[in-house]
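Trainee: Going down the list, the protein sequences come from chains A and B.
Numbered per my numbering, the first sequence spans residues 1429 to 1804.
Numbered per my numbering, the second sequence spans residues 28 to 264.
Treat the hints with care, since some could be wrong.
[What the hints assert, rightly or not] To be clear about the criterion: a stretch of chain B counts as covered by chain A if any three or more of its residues have a C-beta under 8 Å from a C-beta of chain A, and this derived list gives those stretches:
hint, segment
1, 48-61
2, 117-129
3, 154-164
4, 189-203
[Stated by the list, open to error] Which residues of chain B face chain A? A few of them, derived with a C-beta cut under 8 Å, are:
hint, residue
5, Glu99
6, Gln102
7, Asp132
8, Ala136
9, Phe141
10, Thr144
11, Pro146
12, Asn147
13, Cys148
14, Gly151
15, Gln167
16, Arg234
17, Gly236
18, Leu257
19, Thr259
[Claimed, not checked] Over 10 Å on every C-beta distance to chain A, these chain B residues come out as not near it, computed from the model:
hint, residue
20, Cys43
21, Lys134
22, Asp243
23, Val260
24, Ala261
Treat the hints as calculated values from the structure; they're not laboratory data.
Virtual Cβ for every residue (Gly too), placed ideally from N, Cα, C.
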Amino acid sequence: MKQVVLSRAAVVTPLGDGVDTLWQQLTAGGTAIAPLVRFATANYISSCAACIEGLVAADGESLMVPLLERVARQMGSVPADCRLLVATTKGEIDRLETRSRNGLEPTAADLPETFIRRVAQRFDLPAGGVNINAACASSTIAVAHGAALIAAGQASAVLVYAADLVSEFVFSGFSALQALSPHLCRPFDQQRSGLNLGEAGVALLLLDEERAQQDKAPIMARIAGWGAANDAHHVTAPARDGCGLILACRQAFGSAAISAKQICAINAHGTGTLYNDAMELTAFHSLFAEKLPPLHGIKGSIGHCLGAAGAVEMAVGARALTEQLLPPTVGCRNPEAVGGDQVGEKQQRISGDYLLCCNSGFGGINGALVLQRIMS
Amino acid sequence: MTGWIKGIGWVSAMGCGRGRTAESAPIWNDTLVIPARKDLFAQADLRFGRLDGFSRTGLAGITMCLRDAAAEEWQDKRAVATMAVTRGGCLQTDLDYLATVVEGDGKLASPNLFAYTLPNCFLGEAALRFGLTGNSLILQQDGGTEVDVLWRGLEELAWSHCSGVLAGFCEVPVAGLVCPPSGYGSLFVLIEGTPDPQAGCYGKLKREGNRLFFNDTPLASFNNLVVACLATVARRG
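The following block holds chain B by itself, in its conformation from the complex (with noise of 0.2 Å):
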């Protein structure tokens, strides 16, 4: 199974960045702050500021991702599937929506809380922003790594009707719980089924057997991924 990467765009303790404009790679492991509108879009936006965190934080990966590959703009919907991968999802979301059950025995239950208590929903913010009609889901493994992912991706590729697929992570803080692997931010590529000799594309993402691989070097993290783009980038001056 094979792919071209053509755009990449994250959120990390540094703040937003992507492929083509970033001066250095992104730190994961250090304190998040979920991104504000201003980070994103110039005029104002209703529906940003009504997400909770996860989904902030998970779309700005996407739209930042979406940018990177001049694919932010659109006319007509795309076939484009969405998939994340995440070990808290929205866990931090359930617990600030049960306050809200509980402060008044359920009377006060958070109506726009609870539409984001389930960790696809931003997803659904990033299809109907962009226009993507292909599958959307949100991948939680027991073991593995985040860059699997990328694999499910390639696979989605090959067996759907999509001409491409936004795949990658996003984790937020959660109260009481540890710092996952990854760290706290969101990453997403942008991996399409045919390169773009227009638009360039960073490199070939592969898949063989239980491997994979990025300009056929083993690709083990998301974090081997942005250097070797980052390079990329800076070869091409």
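Here chain A stands alone, though its shape is the one from the complex (with noise of 0.2 Å):
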């Protein structure tokens, strides 16, 4: 099996363009939920949710044209014989909402193949790309697929492109499902009422380890596990016993060649749903019975972003397995007891090699990431 490399990443999110700005925002305890201006939040049990500031779109245009755009230019270019994978929950939904308000009906530039393609142009790479939706683990479960592609030798350099937008479709839905907080959310803290919304655009260049050197390119961290499971419970809750969790963890701690011992944190998916926090915690005291390692979610800051939270959150997890720190979790301010002092509102250092990524999302899909530090 070959080795497997996140070797760049560019990142487009409420809190600024570039890992650098969102990692500083990040360690700084920087929020960017905020009141919402994009459309009328009247009739919604909350009123904020994180915007990435600047994104406007041409008349019948998506804010997914000009967000691409901003990564891409971030990226730079990619190699020619890249394998495209894209990562959206809903794609250019904003396009489809306005078409519809005006009673016009979808065209095939509503389908998720013309994003695809228009990915694929933008990056200059072949047609033929897929779109990974897997709910809210949709660009965890592409990273997965994409390093698994790799390892086997089926591929030597993926794109992962992930991004998703902060809509009046996905707005009064969650609103309808009374997931909102109608405040600063508060991942893992006792009295989380619900989530914030978020979006971003983010690239994910995966390379062979072997490859990466002989190209002298970067390298952000080792992709060193991956895993994937269906809690097989309930379509829009988590398990409470967290079994699938627990099952894609441990999946990527066994394809990594790891114990559970070794991970030295965790970038958990902290929603601050009451539900998805409590069932996130009890799978990590499961799979980590001797002592849990520091976790944090960074969802207090940036809202939740859908199919890219998983990879906005890999980018982060790589820089801070670099850094050896772990940002605060904003919103935490009276931490779950049964999170102990490992998550909270400050930064947490760390020490160790390995560091855990998981996500989880409607349909009962559960992904999990393990991150390698690699020492230059």
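Got two chains here, each in a separate frame; can you build the complex from them with the hints?
Mentor: Okay, structure coming up:
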């Protein structure tokens, strides 16, 4: 099996453009969650979300178009033989929404294939890309699939492009499900009451490690292990015992050939909903019976970026391993007792080589990635 | 990469069908009637009634496939992955949900419809009904054909801990859009890593380079696969 590395990452989030900017803001405890101005929120249970500044679409166009442009400019060129994996849950949903409000029927441009082609063209890649839709674990599963392709020698370079928007479509839905927090969300906090939505565009370049070394490409981290599993429990609610997440994490540890004890930190999904965070803590206690490693979540800073969440968090996780530092979990003022002192609003020093990133989503899906620090 | 096809089931314009009991191949390019509960399950089923048309169609295809493989009943959860390729996905459900948002400026947004505005949700329904704990994902492709999902099914089988993969396609009509090349309906196959001499299987699915073979014959479409599976049943009498 070949080793897989994360070579480069380009991120555009509500906290700014670039991994450096995001890292500085996260470590400073910043948050971009603010009153929404993109659409009226009077009839919803929340009026705040985290939106990317300066995102403006041309008439009839989706905000996904300028978002792609900003990410692509930051990313620069990618190898021409990259396999393209896109990870979006709702794609250009704002365009569909506008057309629908104007009484227009959808066209082929509203199909995911059009967006996949747009991404391929912008990165000068051939047609034939695939969108992986696994709800809020989409980009985690896409990275896992990309890593598996490289590990098996089916590809030596994979570009994962993940993006989702704050749209009235999704906002109204989470409001109807009573899943939105009216205030700043509080992941892993005893008083948490729901999530805030966010948006992001992320490009991750995965390479065969030998190729990266030959090409003298930068290496952010090794993708040492991955796993995916379904709760087989409920469509919109997580299994309370965390069975699916436990299984996904164990698979990731197995493929990384490490034990749970070697994990030095966790980047959790941490949506701020009652059930998700409780499920994750239950799963982590089951996995790390001896001692829970320091853990954090970034959704109090940039909101829940849906299909792009895992990709942003992977970029942050790689940086956390390099810096040996976990940013604060913004909003976690009064941590759940079972989280102990391993989660909170303060930065935490970490010490070790392996970091676990995990995400879960509707449909019962769970994805887990193990990142490994590469000493330069 | 190699796998064995143990079951095949579908929903087409002719209704629900499966390999071991079908008298003829399904018809895809005709009007699809979204399956009702009684087409699938004898007992009343509240959950099925809540599903959108896309999810009903996909879930019905999976149910028929598992029934065909005599794998519908279960006691312990099973490491079986589910993956489906789709072009239109749940776009019609998106439009139906949007109508509820627009109607009351958001006040009447339907939480039930919203829950099915992710195309992978029917795989979650299948997972919870049949105890399937493998990976579950929807693939939306730019180019390629619907049988590409079988490649990916074989990859999942080779690279994961799963003993089986349910792979197929699901398409329902969307207002304003032309019919996709696959036609409307759903079709799923259960691929396992080892042949099961007791339950029997239809044959061997193999990937060589960029080509897919079923019982050593090149496979270009799901129609080819159905015809070949039905021929296997006919030969066995």
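Trainee: All hints, please: hold or fail.
Mentor: Verification of the supplied hints:
no., hint, result
1, 48-61, "violated (count 0)"
2, 117-129, "holds (count 8)"
3, 154-164, "holds (count 10)"
4, 189-203, "holds (count 3)"
5, Glu99, "violated, 14 Å"
6, Gln102, "violated, 13 Å"
7, Asp132, "holds, 5 Å"
8, Ala136, "holds, 4 Å"
9, Phe141, "holds, 3 Å"
10, Thr144, "holds, 7 Å"
11, Pro146, "holds, 6 Å"
12, Asn147, "holds, 4 Å"
13, Cys148, "holds, 5 Å"
14, Gly151, "holds, 3 Å"
15, Gln167, "holds, 4 Å"
16, Arg234, "violated, 11 Å"
17, Gly236, "violated, 11 Å"
18, Leu257, "violated, 30 Å"
19, Thr259, "violated, 30 Å"
20, Cys43, "holds, 22 Å"
21, Lys134, "violated, 5 Å"
22, Asp243, "holds, 22 Å"
23, Val260, "holds, 30 Å"
24, Ala261, "holds, 35 Å"
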